[in-house]
Amino acid sequence: MTETVGIEALNVYCGTAGITVPTLFAARGLDPARMANLMMTARSVALPCEDPVTHAVNAARPLLQAIGPEAAARIETLVTSTESGIDYSKSVASYVHEHLGLSPRCRTVEVKQACYAATAALQLGAGYLASGVSPGAKVLVIATDVALVDQDAHYTEPAMGTGAAAVLLSTEPQVLTLDLGAFGLHSFQTLDSARPGPTFDIADSDRSLFAYLDCLSNSFRAYTERVEGADFAETFDYLAFHTPFAGMVRAAHRKMTRDFAKDRLAAVDDDFATRVAPSLVYPAMVGNLCSGSVYLALASLLDNGDVADGARVGMYSYGSGCAAEFFSGVADADSAAAVRRMRIQEQLDARVDLDFAEYDALLQENRRCLVPEPDRRIEVDAYRPILDRYGLQRDLLVYTGTKDYGRTYEWATAGDGRNPWPTA
Amino acid sequence: MTPKTATPEPATPDREAVFQTVTAVITEILPTVAADRVTGRRRLADLGADSVDRVEIVVGVLDRLGLQAPMAAFAAVPDLDAMTDLLTELLREGSTP
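Sequence lines, in order, name chains B and P.
Residues 1 to 424 in the numbering used here are what the first sequence lists, from first letter to last.
Residues 1001 to 1097 in the numbering used here are what the second sequence lists, from first letter to last.
Accuracy of the hints is not assured; some may be wrong.
[Stated by the list, open to error] Computed from the model, here is a short list of chain B residues facing chain P with C-beta under 10 Å:
(1) ASN37
(2) THR190
(3) ASP192
(4) ASP204
(5) SER205
(6) ASP206
(7) ARG207
(8) SER208
(9) PHE210
(10) ALA211
(11) LEU213
(12) PHE245
(13) GLY247
(14) MET248
(15) ASP259
(16) LYS262
[As the list claims (entries may be wrong)] Negatives, chain B to chain P, calculated, CB over 12 Å:
(17) GLU70
(18) VAL111
(19) LYS112
(20) GLY136
(21) ASP179
(22) ASP263
(23) VAL330
(24) ARG343
(25) TYR359
(26) ILE386
(27) TRP421
Don't read these hints as lab results, they were simulated from the structure.
Computed from a predicted model, the values in this text were never measured in an experiment.
Just so it is clear, CB atoms sit at the ideal spot from N, CA and C, and this is done for glycine as well.
All chains should be built: construct the whole structure from the sequences, respecting the hints.
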């Protein structure tokens, strides 16, 4: 049994393109007064030559390059977490395993519980590593999703993101040392949102937001029953929550203050700015990353907060349906340095700023992404005008279609060559 | 056991007072909404409340009434009448020894 387990490395991939929220509001005729509560600036947009597999590989590959081949060879479990499955039987992980070049001595598996599943995988993986049955092993969890929303989703459309978060777990955590045993759970059956078919979602926004809030209070209460003296206002230097949209997290923080730290209510805005806002910088630029959302929030916090002197982070993961967990870990200066090496802010700034016509043209094609088709050819060159405008030069795995239901991929280059990334 | 009387106990929740609390919280969260527009057949969305406003209103009303009820119960209420009925019922349950 080892006491030290956590996140060794963390990276995200949030696409090569995006559209600003004001552009989308104007084009859709949405009420601009509602932007204040949404607190979103842009959403990432996938290209039709991208899918959950390419997102996952494009998030994890720079991370594996950073740790080197010897360390990567110690990955003996690969878990993909997604609500954007591509087959009833074959996992996203099987393709990801191939294109990351992982060792054949590796478990591959896919998990599903809406936006929560990556945290379930993280906790199961952490428990496995802590057990000591395979000393030196690493577990790679990749949360990856694509968006299917269009104008029918109304105010949800500007808040939906696309992309993946790659979370490498080991007994040598640099990004976040988990507080083993410090967690609180809350789950119950509800139909708040779901994806009954490969081309559409169903959602009851009030049911979902209210379940998110009930689960937050109840999972935190369960946490306090395991962790003596845990206090919402005092125990955590920072908070990173699953972020359906940034305004939702502000409302959640306000409710938690009311429920668990009522004497601090007068200073709730200052507390939000100090402990929560750093985690929302990237989510507000990307949209809801779904399964990877809380790990994008963690990356945002480590890049935008100040953890140099050591900081305890309270994390909340919620997935519709529903399942939720409040847990925590400790970050320090090494954490910030490890995440900064991934240059996430630069990756986000490099995205092509789409105009509405370009965006609209991508939507219909993107909705075919998860549809099982025996044979399909995707002409990557059709998206070359967008890929070439990406502000960093990098290799990307792209989705080229299907052959006898098997998905096909190839490597392509994005950017015009003037700004290489990642650096050697 | 206390015998039932014709006059209500002082602690018995008054539905009208609950509705007034609902109205007061709504007009605080949505300052542009006049109190006379808040009627029982309206939904919060009819009054221009977005999802965050709806969260703030339900949280605010529960807090004002001193109730610790799950938010989920309010997801299915069709209008403000139904919300007021639910709140009144929760208060009655809460006031039952």
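How the hints compare with the structure:
no.: 1; hint: ASN37; verdict: 4 Å, holds
no.: 2; hint: THR190; verdict: 7 Å, holds
no.: 3; hint: ASP192; verdict: 8 Å, holds
no.: 4; hint: ASP204; verdict: 7 Å, holds
no.: 5; hint: SER205; verdict: 5 Å, holds
no.: 6; hint: ASP206; verdict: 5 Å, holds
no.: 7; hint: ARG207; verdict: 4 Å, holds
no.: 8; hint: SER208; verdict: 8 Å, holds
no.: 9; hint: PHE210; verdict: 4 Å, holds
no.: 10; hint: ALA211; verdict: 6 Å, holds
no.: 11; hint: LEU213; verdict: 5 Å, holds
no.: 12; hint: PHE245; verdict: 9 Å, holds
no.: 13; hint: GLY247; verdict: 5 Å, holds
no.: 14; hint: MET248; verdict: 7 Å, holds
no.: 15; hint: ASP259; verdict: 8 Å, holds
no.: 16; hint: LYS262; verdict: 9 Å, holds
no.: 17; hint: GLU70; verdict: 48 Å, holds
no.: 18; hint: VAL111; verdict: 25 Å, holds
no.: 19; hint: LYS112; verdict: 22 Å, holds
no.: 20; hint: GLY136; verdict: 44 Å, holds
no.: 21; hint: ASP179; verdict: 27 Å, holds
no.: 22; hint: ASP263; verdict: 14 Å, holds
no.: 23; hint: VAL330; verdict: 31 Å, holds
no.: 24; hint: ARG343; verdict: 32 Å, holds
no.: 25; hint: TYR359; verdict: 23 Å, holds
no.: 26; hint: ILE386; verdict: 32 Å, holds
no.: 27; hint: TRP421; verdict: 36 Å, holds
In the structure shown, no violation is registered for any of the earlier numbered hints.
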